Amino acid sequence: MNRRRFFVASAATLGVAAIGTAAFVYQDRYSFIAEAVRRLMGHDYRVAAAQQKAFVDDFLEDYSDKRTAGLITFQRGHELGLGSSFSAYQIDRFERELITHVVTHTDYLAKAAGDSHELSYLGRYPCRNPFAQFTV
Amino acid sequence: MELNRVSAAAVEGGHYELVIIGSGFGSTFFLSQAIEKLKGRVLVIEWGDFHPWAWQIQSQSNTLITPDSTYRNLGEKPWNTTIALGGGMNCWFSQTPRLHPSDFATRTRYGVGHDWPFGYDELEPFYGQAERIMSISGDPDMARVLPRSTPFPQPPHRGTAIDRLMKAAMPDYHFITPTARPRVATEHRGACCSNASCNLCPVNAKFTAENGFPTLFGHPKVDVVLKSQVQRLEYSGGQVSGVEFVHDGRTHHVSGDLFVLGANAIQSPAILLRSGMDHGDTGRGLHEQVGANLEVFLDGLENFDGSTITTGLNYFFYDGDFRKERSAALLYFENRWPYGLRKEPGRHREILPMMIASEDLPHRDNRVTIDPETGQAIIDYRGESDYGKRGVEHAFANLDKLLAPLPVESIQFKEWRLTESHVQGTLRMGVDGDGSVIDAGMIHHRLRNLVVVGTAAFPSCSPANPSLTAAALSLRAAHRLFG
Ligand SMILES: Cc1cc2nc3c(=O)[nH]c(=O)nc-3n(C[C@H](O)[C@H](O)[C@H](O)COP(=O)(O)OP(=O)(O)OC[C@H]3O[C@@H](n4cnc5c(N)ncnc54)[C@H](O)[C@@H]3O)c2cc1C
Ligand code: SF4
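Line by line, the protein sequences give chains A and Y. Under the numbering used here, think of the first position of the first sequence as 2, with each following residue one higher. Under the numbering used here, think of the first position of the second sequence as 6, with each following residue one higher.
In isolation and in its complexed conformation, chain Y is listed as follows (with noise of 0.2 Å):
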C-alpha cells in the first residue's frame, strides 16, 4: 500500500484543505470521492498505526491497540472496533446486505425509532458505487426486497445444499448473502475459499483497506500521520478552525478549511464532547443489533458445501406492520460450525448453525459520556430493548415453520450473543431541533464545516451489517459536497 506518512512535527501548525479524523469506512470512503475534486492538501489523522495484511497475518492480530483500553466501560456488553490504518476495514467479515426501505422511515411507517431524513431511493446509486469499490458479490434475486439499479459486480458464491433447498421454497425471501468475500479473484485480491477466519483472512480475499485502496493514503495531495490521538476540536462562530492532536505525548495543533470527523461512534462523540460540543444529542443512543445463536440439527441432509462462510439470507421475518411491536429479524444461513460438527459418525455436517440478528430501539440512556478529569471515552450502556429481544424470540418460536422445506430433526437456541461488533448511533442524522447531531448532508448542526461520517450517524438500527451503509453514506456525503 503506498502511504505518505508525515511525522506529526513536520505538520505541527501546518493548513489543509481537508483534515480528516480517522481512517476507517467513513473516512475512507469520502475520501474516495472527494480528493479527485480537492484543489488543496489532505491532512488524515489517525491513532492507529500501519499493520500490513502480512504482518496481521503473522502476529495473528489487526492492531497492537485493544478496543477495551481505548474506553472505560461501565457495564460488560464489549464494543468492538480496530483502532489503526483501515480502521473497522482490517478486522471486519465483509457481510455486506444494504438496509431494507423500511429501514429509513421506521417513525413514519411503525411508530417507533427514528426516520433517516431521506429514503432508500437517494441512498440507491451510491450503495451500488459503495458495492462497485469493494467487487461486492451477490444474488441478483435479492432486489425483489432491496431494489436496484445496477447489478452487483460479482456473481453470487455457490449456496450450500440447504440454501438450494430454501431458495426453491421461498423465493421471495432466501437469497445468497451479499459479501465482500470475492466470489472470483481481483486484481488485488484472491477468492474467498471459505477458511472461516474472515478477521485476518489468510488469502487476502476480503475487502480491506490495503487491498481496496491501495494508492488513496499515497495520492500525491493526502499526508497521513500515524499513531496520532486527536483530541479536541477548536471552533468559533459556528466554524471549526483546528485541531488539537497528541503524538507520543506531545500535543500539536493542524488549522484546515473542511473537516471530516470519522473516529467511530465512540470516540467521535468523545472528541466532540472533550470539545465542549454537546449539541442534541451527542454521545446518546449507542445501540447494535440484537443476536441470537442457534443450531438446527438435521436427517440426512448435509451442510458446508458452499463457498463462503455464510451463505443464506432469509427476510421472512424482517419487514411488515409488526414492526410495530417487536423488531425486524434477519436469519444468517451459515457455511461454518460455532459449535463444532455433529459427534454422531457419518453425521457430522448435518447440522445448520444460525443467526438471528433483529434491530434495536436506540434509547437516549444508552450513551458514550467522557471522563471530565482524563476525557476519557466512558461508555454507559443499559442494555437492549424488549421491542429488540421480541423479533428475536418471534423469528425462533416460528423457526420451525420457517424451516418446513429441511428435514428438521430438532431446534436449539444455543444463547444471546454478547455483541455483533456494529457500533451505531451516537450523532445521528435528523433535522435540527429533534435531537439530531448531524443533517441530511451529514454537516454538523452547529459546526457548519464539520462532516460527521461512519455508522455514529445512524439514526436507526435494522437488522443488517452496517458497513456497507456507512460506505454508501460517506459517498453520498462527498458527492454532495463535491458533485
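Okay, chain A solo, but in the shape it has when bound (with noise of 0.2 Å):
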C-alpha cells in the first residue's frame, strides 16, 4: 500500500516541492496543519496520503479555513517577536483543537501503547469520547 510520512506535511502529496524553513511551511494550510501536528505531538506519525488530505480537509472544514488562516499570521507574528496575549490563546486554542482531532479522529490511542506509529483516520464523525466507559 501507498503509505507516506503523515504529519510531517508529505509536501509532494499535496502539490508542494519541499518542507524546510518553518516560514515556507505556512506559505500553504496543508503544511502549516501537518507541521503543527508533528511538532505538538512529538512523534513520527505516518499515515496513508489519501487519508491524509481527508483529515486536513475535515480539520479545515471543521475549525474553518479563516480561523486557520488567522493563525498562521499570529504564529508568524509570534516567530518575528510581534504576538500578543490575545494571539497566544489563539494559538494555544488552536493547537489543542488540533491535538484533540488527532486524539480523538485516528487510532492514536490505540497505536500509543503499541510500536507502531502507523495511524488510519477515523473519519469526520468518529465516536468523540474514545475514553468513555460503560461498565458500572
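One or more hints might be untrue.
Computed list of chain Y residues with no C-beta within reach of chain A, every gap over 12 Å [unchecked claim]:
id	residue
1	L69
2	Q244
3	M282
4	A297
5	K329
6	Q381
7	H399
Computed beta-carbon distance windows for the label pairs [stated by the list, open to error]:
id	chain 1	residue 1	chain 2	residue 2	range
8	Y	A15	A	D59	20 to 28 Å
9	A	A55	Y	D444	45 to 53 Å
10	A	A89	Y	S202	23 to 31 Å
11	Y	D439	A	A89	48 to 56 Å
12	Y	D444	A	A89	50 to 58 Å
13	Y	V208	A	R68	23 to 31 Å
14	Y	R485	A	F87	41 to 49 Å
15	A	F87	Y	S12	53 to 61 Å
16	A	E62	Y	N9	49 to 57 Å
17	Y	F302	A	F87	17 to 25 Å
Worth flagging that the hints you see were computed from the coordinates, not collected in a lab. Note that the structure is predicted; figures quoted are calculated from it, not measured. By construction, the Cβ of each residue, glycine as well, lies at the ideal position given by its N, Cα and C atoms.
Reconstruct the complex from the two isolated chains, following the hints.
What follows is the structure, given as C-alpha cells:
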C-alpha cells in the first residue's frame, strides 16, 4: 500500500515541493497543519496520503479555513516577536483543537501503547469520546 | 413516527374540541395527557415541518428555519429555538434536573423575583410522570436535595473518576446528572454512547418527540397541519373562538372549544400581542440563566471516563440565605472538552471542563414586542442582572474550596456564555393583578379557555435546565382540566 509520512507534512502529496524552514511551511494550510501536528505530538507518525488529505480537509472544515488562515498570521507574528496575549491565546486554542482531532479522529489511542506509529484516520464523525466507559 | 398530516385547505373553517398551537415540550406533553380524555378531535398547528431523525442526521440540521429568521433582535444575545414538529425536543441536549423547592418561592424566602403560585410538592408527582415518559436516567442520591416520591426510571450514568471523588467527599451536594440520554436502551431509543453531539444524536438515544411519542400525532383523534404559522387568536367575551394561521401565503381560520398556546416564549407572547391581548406583563420578563465556562487543569487525575456528556451536577452553591444578595449557582462537571484536550503529551485527559449556570432575575424591560407594521416578534433584551452575575462570580471565586478533593493544578475562567438556549418567562404564572398573565392552572387570566404552556410560563428562572419542568407543568395543567 502506498503509505507516506503523515504529519511531517508530506508536501509532495499536497503539491508543494518540499518543506524546509517554518516560514515556507506556513505558505500552505496543509503544510501548516501537518507541521503543527508533528511538533505538538512529538512523534513521527505516518498515515496513507489520501487519509492525511481527508484529515486536513475535515479539520479545516470543522475549525474553519478562515480561522486557520488567521492562525498562520498569528504564528508568523509570534515568530517575529510581534505576538500579543490575544494571539497567544488563539494559538493555544488552535493547538489544543488540533491535538484533540488527532487523538479522537485517528486510532492514535489504540496505537500509542504499541510499537507501530502508523495511524488510520477514522473519518469526520467518529465516536467523539474514545475514553468513555460504560460499566458501572 | 405516525402522523395524521392534513392540509391547511382541508381544515379551513373547521371546528375542533382542542386546538393546539405549536408542538414542542409544552404542547406535546399536554396533548399526551389530554388525548384519552377528549371526546372530540384535536388540531395541532405547527409552524415548522416534520424532519425525521434520519433527515436531521443526514442534513446535520434540526430544521430549515433558522431561529434568527423568526424574530428581529435589537440586541446581540442569540435566543435559540427550533421551529419544527417537536420544537425543542429536536435540538435539546436532554439535561433534566428538576427545579429546587426554593426556586418556587424566591420572593417569600429571599425577597427577590416572583413566587410560583404553587410549590415543589404540588409539581412533584408530575415531575415523576414526565421522567417516566422520557426514561430519565438519574442518581437516587439526588433525593437529598430534590425530594422524590418515585425512583428514576433508569439507573444513573457512570460518573467520571472526578465525580467519584467529589461524590465521596460531598455526598449531599454532588450527584450524577439526571438526563434523557438513556443509560440503557429503550424500545425506541439506543443507549447513550457519550458521543457529545446531542443536538443531532447519531444513535437516536436522547428523547425526542419522534422516538418518545411515536404514535401521538397519528392518534385517530389528532390532525396535524404543518408549515402553518399562527398569526392571532380570535376572541370575545373572555373566550377564544378561533385561530388565524398562514400556510403558503394564504390565511386560514379554524374554531375550537379549548385552545393551548405553546409556541415558545418568543412567539407565544407575539401571538397574543398581535391579537391585541396585552394583559399583565405579556411579553415582559424574558430571561434565561447566566452562564460561564471554566477549565480546571488537574495533576495526575484523568477525566472523560463517564458514560454521557455531562456526568456531575454540584449543588453546593445552590441554596441558602445568600440568595437575598446573589444568585443560586449550579455547577456542571463535563465529560466532554469544549476547548480541546490538554496539549502536554501523556496528560491530554488531566482536565476538567466545567460550566456554572446561575439564575437571573427577570426584568420587565427585557421583553418581546411586535413590529406594528409586520407583526413580527421583536426581542428587546437589555442584559442580565448583576444579581445573576454575582452568583457566577462567587462560585468561581470559591471553586478552589469546592474542588479540594481533587488534585487541582490551576483554574481558568474561560468565558461568559452567550446563551444557554433557554427562553423563559414572557407569560408568567401568578395571581391576577400581580403582573402575571396566567393563573396557577396555566389558564389565561382574561381568556378562560386558553391554556398557556411551555417555558413562557416560568415566574422565576432557576439555574436548572427548564424543559423537564415545562413537561411536568403541562401534565399538571392537563390533569387539572381533564382529570
Ligand atoms: C441547542 C439547545 C439545547 C438545549 N438543551 C436543553 C437541555 O439540555 N435541557 C433543557 O431542559 N432544555 C434544553 N433546551 C431548551 C429547550 O429546547 C426548551 O426549554 C424547550 O423546548 C421549551 O419548550 P416550549 O414548549 O416552551 O417551546 P418549544 O419546545 O420551542 O416549542 C414551541 C413550538 O411552537 C412552534 N411555533 C412557534 N411559533 C409558532 C407559530 N406562530 N405557529 C405555530 N407554531 C409555532 C415551534 O415550531 C415549536 O414546535 C435546549 C435548547 C436548544 C436550542
Ligand atoms: S451523548 Fe451522544 S449518544 Fe448520548 S445523547 Fe448525546 S449524542 Fe446521543
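The hints, checked one at a time:
no. : hint                         : result
1   : L69                          : holds (21 Å)
2   : Q244                         : holds (52 Å)
3   : M282                         : holds (45 Å)
4   : A297                         : holds (17 Å)
5   : K329                         : holds (37 Å)
6   : Q381                         : holds (31 Å)
7   : H399                         : holds (25 Å)
8   : A15(Y) x D59(A): 20 to 28 Å  : violated (46 Å)
9   : A55(A) x D444(Y): 45 to 53 Å : violated (59 Å)
10  : A89(A) x S202(Y): 23 to 31 Å : holds (30 Å)
11  : D439(Y) x A89(A): 48 to 56 Å : holds (52 Å)
12  : D444(Y) x A89(A): 50 to 58 Å : holds (56 Å)
13  : V208(Y) x R68(A): 23 to 31 Å : holds (30 Å)
14  : R485(Y) x F87(A): 41 to 49 Å : violated (56 Å)
15  : F87(A) x S12(Y): 53 to 61 Å  : holds (55 Å)
16  : E62(A) x N9(Y): 49 to 57 Å   : violated (40 Å)
17  : F302(Y) x F87(A): 17 to 25 Å : holds (21 Å)
Of the numbered hints given earlier, the model fails hints 8, 9, 14, 16; all others are met.
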